[in-house]
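Protein chains in written order, with this note's numbering: chain A, 1 to 346; chain B, 1001 to 1474.
Incorrect hints may appear among the rest.
[To be verified] Chain A regions said to be covered by chain B (calculated; three or more residues, Cβ under 8 Å):
1) 199-210
2) 219-232
[Said to hold, decoys possible] Label pairs and their in silico Cβ distance ranges:
3) B:1016 <-> A:222: 28 to 38 Å
4) B:1019 <-> A:183: 53 to 63 Å
5) A:323 <-> B:1118: 55 to 65 Å
6) B:1147 <-> A:323: 53 to 63 Å
7) A:222 <-> B:1012: 37 to 47 Å
8) A:323 <-> B:1077: 36 to 46 Å
[Stated by the list, open to error] Examples of chain B residues lying across from chain A (beta carbon under 8 Å, computed):
9) 1292
10) 1293
11) 1316
12) 1322
13) 1323
14) 1331
15) 1335
16) 1343
17) 1344
Honestly, the hints are just simulated from the structure, not real lab data. Where is the CB? At the ideal position from N, CA and C, for every residue including glycine.
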Amino acid sequence: MRRATSFISGPLGAIVLVVALMSVAMLVAGTSPIDGFSALIVGSLGGRSQIGETLVATSALLFPSLGVALAFRAGLFNIGAEGQLLVGAMLAGAFGGFVSAPPVVAVVVMLVLGAIGGGFWGAIAGWMKARLRANEIISTLMLNFVAQYLTLFVVTQWLLGPSATGAETPWLPNNYWLPTLIPHTRLSIGILVALAIAAALQFLFTRTVLGYEMRVAGEAPEAARRNGINLSRITWLSLALSGAIAGVGGATIVTGELHRFNTQLSPGYGYIAIAVALVGDLDPIKVCIASFFFGILEAGGLAMQASAQVPKDAIHVIEGLIILVLAARRYVAQRSERVEEAAASS
Amino acid sequence: MSVSPPALRLRGIRKAFPRVVAVDGVDLDLFAGEIHALVGENGAGKSTLAAIAFGELRPDSGTVEAHGTVGLVHQHFELVGRLRVWQNVLLGREPRHGWRIDTDAARKRVGDLAKANDLTIDPDALVEDLPVGAQQRVELLRELERNPSILLLDEPTAALAPAEIQGFFGTVVQLAKRGTAVLIVTHKLQEVIAFSERVSVMRHGKIVAAMRTAETSVDAIARAMVGGDLPRVAQRETTTLRPCLTVRGLRAGGKEGGIDGIDLDVASGEIAGIAGVEGNGQTALADSVAGMIPFRGSIAFSNGRKISIIPQDRHVEGLVLNFTIAENAVLGRQDLPGLRHGILLDRARARRDAAAIVERFDVRAPSIDVKVRTLSGGNQQKLLVGKALIDEPPFILAYNPTRGIDVGAAALVQSRLLEARNGGAAILLISFDLDEVFALADRIYVMYRGAIAGRFDRAGVDRAVIGRLMAGSQ
Chain A
1 MRRATSFISG PLGAIVLVVA LMSVAMLVAG TSPIDGFSAL IVGSLGGRSQ
51 IGETLVATSA LLFPSLGVAL AFRAGLFNIG AEGQLLVGAM LAGAFGGFVS
101 APPVVAVVVM LVLGAIGGGF WGAIAGWMKA RLRANEIIST LMLNFVAQYL
151 TLFVVTQWLL GPSATGAETP WLPNNYWLPT LIPHTRLSIG ILVALAIAAA
201 LQFLFTRTVL GYEMRVAGEA PEAARRNGIN LSRITWLSLA LSGAIAGVGG
251 ATIVTGELHR FNTQLSPGYG YIAIAVALVG DLDPIKVCIA SFFFGILEAG
301 GLAMQASAQV PKDAIHVIEG LIILVLAARR YVAQRSERVE EAAASS
Chain B
1001 MSVSPPALRL RGIRKAFPRV VAVDGVDLDL FAGEIHALVG ENGAGKSTLA
1051 AIAFGELRPD SGTVEAHGTV GLVHQHFELV GRLRVWQNVL LGREPRHGWR
1101 IDTDAARKRV GDLAKANDLT IDPDALVEDL PVGAQQRVEL LRELERNPSI
1151 LLLDEPTAAL APAEIQGFFG TVVQLAKRGT AVLIVTHKLQ EVIAFSERVS
1201 VMRHGKIVAA MRTAETSVDA IARAMVGGDL PRVAQRETTT LRPCLTVRGL
1251 RAGGKEGGID GIDLDVASGE IAGIAGVEGN GQTALADSVA GMIPFRGSIA
1301 FSNGRKISII PQDRHVEGLV LNFTIAENAV LGRQDLPGLR HGILLDRARA
1351 RRDAAAIVER FDVRAPSIDV KVRTLSGGNQ QKLLVGKALI DEPPFILAYN
1401 PTRGIDVGAA ALVQSRLLEA RNGGAAILLI SFDLDEVFAL ADRIYVMYRG
1451 AIAGRFDRAG VDRAVIGRLM AGSQ
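In isolation and in its complexed conformation, chain A is listed as follows (with noise of 0.2 Å):
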């Protein structure tokens, strides 16, 4: 009993789970798992430009994975990263398509934009829990809807590009693309500035009273409160700074990668990123990791369902399973704990 629950809940019992879950998704869609595994890793990690399509997908899921991360540490479940992807992509696109400025500045700007963007999305579902008391899940979730709908309006608006076929501001001028990292493939430097904010968040989290404070409202909110610790403020600040991480992801993936704003550029990477941020234990390095885990799913599916038939839809079958073996596997750790407790206090 003990050796099985110390077997799944390692890391080394989630993988051999997942593949065995994989493998009957696989079976069930009509492919040999032999197959679709070869697929699934030929096509994520078989060449240069598949590997560089894999760190794109990493890339934008680090984002707002790093930005949920941030809110759940903080006790805050944000389910609004797909939304302030959005806003802060959308104020990027805005200024990439419409002002002219020194290309560097103009990339920076764009940038920042994206993390006011994101920001300010989050800031109002932190300002709606910190003084109104509404639920963040709630307020987060209802907000995705909102950004999704008003990028819609206001590009369709004001912002619409003269050669747009869907929702979409002009093209950004090459000037104003984010430099390629490794060359002849769509892989940009934004995945630099991820891996810079997530240093940035475990220094946050390890060396600041900033990080410290979050961590315990996260833990123990009673106890916050108690210890002078001011819960409105990191209530609002952690949503706002979640927010402005998944905004700079959409600044990205507007100047690194697709080089304008369409209110589809994303295909729910704020959705997924809650997962990853759980695979991740919120631990920002881990985050770092499982991205890539999930952006080998992402790129690879497609490949897969090129050449094994296998529909890119299992792979979202096989992302919800994951969550699943994860949940279950705080679960069973958090049981243990717990009879120990009693034990210990009996």
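Here the structure of chain A is known, so what remains is to put chain B in place on it, guided by the hints.
Same frame as chain A, but now just chain B:
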């Protein structure tokens, strides 16, 4: 003893939890008509043994033989808050009138039962509205209603006022006279001496001493409990008093457990103790002094609001269980100039402080990097008190600073509080443990129903008068 077989016979009882052996080979006989006290420190295994005797827990090995029905009054209440007193007492055994519950008969039955046992309670009150002491009486009534031949009482007087304790034991003695076998799990040794016939002492899951109460003393029992001499508490030194906290006309909280017009003073160099039964406004007083709830009236500190708090609930209010000792040592001190440099937390300083607390307050842990969750209650409490006292604060609010911890840890906490007082700190001590208030306080305020019912200096303390005031009589 008597020739009749015991009402309850425990043989070779053993129960292990993942990290501790809670009960380790215990034999115990309980005879009809006797009051048997089972004493021991927190974590000695008393409650586990009671739960096994009741049949709530299954022992890993050993046998339990009971002749007759067994009743157990829990240390933590198991009542339905949204139901009335009579509904709780008669739950599942309501008198019927055809299809319906005969409410009149039920009320009368509970009222009579309460009267017969000298327990004051309104059968129609909602349990959730009752103060803790009254809830305990409901819990006892519920067991008495089943007319058990064996009654197990787990810390039954923890929430009762001295007068209520007298009444409660009056009830218990009557029950024993009528032939009930009574086992009382407790750590209040005065009660053991006053009311029990035999006493068994548990330590580390074993019965280490069994004696006739008439042939022993509080001291001997206490030494058996801790397995050696009792730790000594620090000496009280003469201090110069300077006003520190002045409270005037304080009103806060709601109808239940609120306070209404409290005046009190705490001077630097003294411990002002609040004596009172739980639920008489202590929490509202503590929370308003701590600035946690809105209040009316005035709370003035003569040298600035630099207060340090030992909160009531260490698990929820005082510590972060998933953080390490080093991380917890920072809590509540994160804005101190020495710990905070701009936006940065001085981790080296935090670790030094944690090590100092662990050393000075005897927190027993493998290292300062273990999670606080893994520490025993006593060690958690020592850490909590340590971080409140380490910066030598001018004012300390201590709310039940030794609740639920072992004698050794309690003596250490009390010593450190006295040392802080000797060093010139003003301490407001709120404690439900009257002995603790008597042991520590230079000045005692008695709280009853949200008001100060009496005020005594250490020299003029009269236990009997204070006990009566706590129960609301003059």
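Item checked: Whether the CB-CB distance between residue 1019 (chain B) and residue 183 (chain A) falls inside 53 to 63 Å -> holds (57 Å)
Checklist line | Whether the CB-CB distance between residue 1147 (chain B) and residue 323 (chain A) falls inside 53 to 63 Å | finding: Holds, since residue 1147 (chain B) and residue 323 (chain A) (Cβ atoms, about 54 Å apart) stay within the stated range.
Item checked: Cut-off 8 Å, beta-carbon criterion: hint that residue 1316 (chain B) touches chain A -> holds (5 Å)
Check: Against chain A, with CB atoms and a cut of 8 Å, does the hint on residue 1331 (chain B) hold up?
Finding: This hint holds: residue 1331 (chain B) lies near chain A, its Cβ roughly 5 Å from the closest one there, short of 8 Å.
Note to self: Let's test the interface hint: is any C-beta of chain A closer than 8 Å to that of residue 1344 (chain B)?
What the structure shows: Where the cut-off is 8 Å and the nearest Cβ of chain A is about 6 Å from residue 1344 (chain B), the hint holds.
Next item on the list: May I ask you to test the hint 28 to 38 Å on the CB atoms belonging to residue 1016 (chain B) and residue 222 (chain A)?
Entry: holds (33 Å)
Item checked: residue 1335 (chain B) as chain A interface residue, shortest Cβ-Cβ below 8 Å -> holds (6 Å)
Checklist line | Interface hint outcome for residue 1322 (chain B) [beta carbon to chain A under 8 Å] | finding: holds (5 Å)
Notebook entry, point to check: With a cut-off of 8 Å between beta carbons, are at least three residues of the region 219-232 of chain A near chain B?
Noted result: holds (count 9)
Notebook entry, point to check: Given residue 1293 (chain B) was flagged as interface, is its beta-carbon under 8 Å from a beta-carbon of chain A?
Noted result: violated (11 Å)
Margin query: Take the shortest C-beta to C-beta distance between residue 1323 (chain B) and chain A; is it under 8 Å?
Written below: Where the cut-off is 8 Å and the nearest Cβ of chain A is about 7 Å from residue 1323 (chain B), the hint holds.
Notebook entry, point to check: For the region 199-210 of chain A, do at least 3 residues have a Cβ located nearer than 8 Å to some Cβ of chain B?
Noted result: holds (count 5)
Hint check: a violation occurs at hint 10 only; the rest are consistent with the structure.
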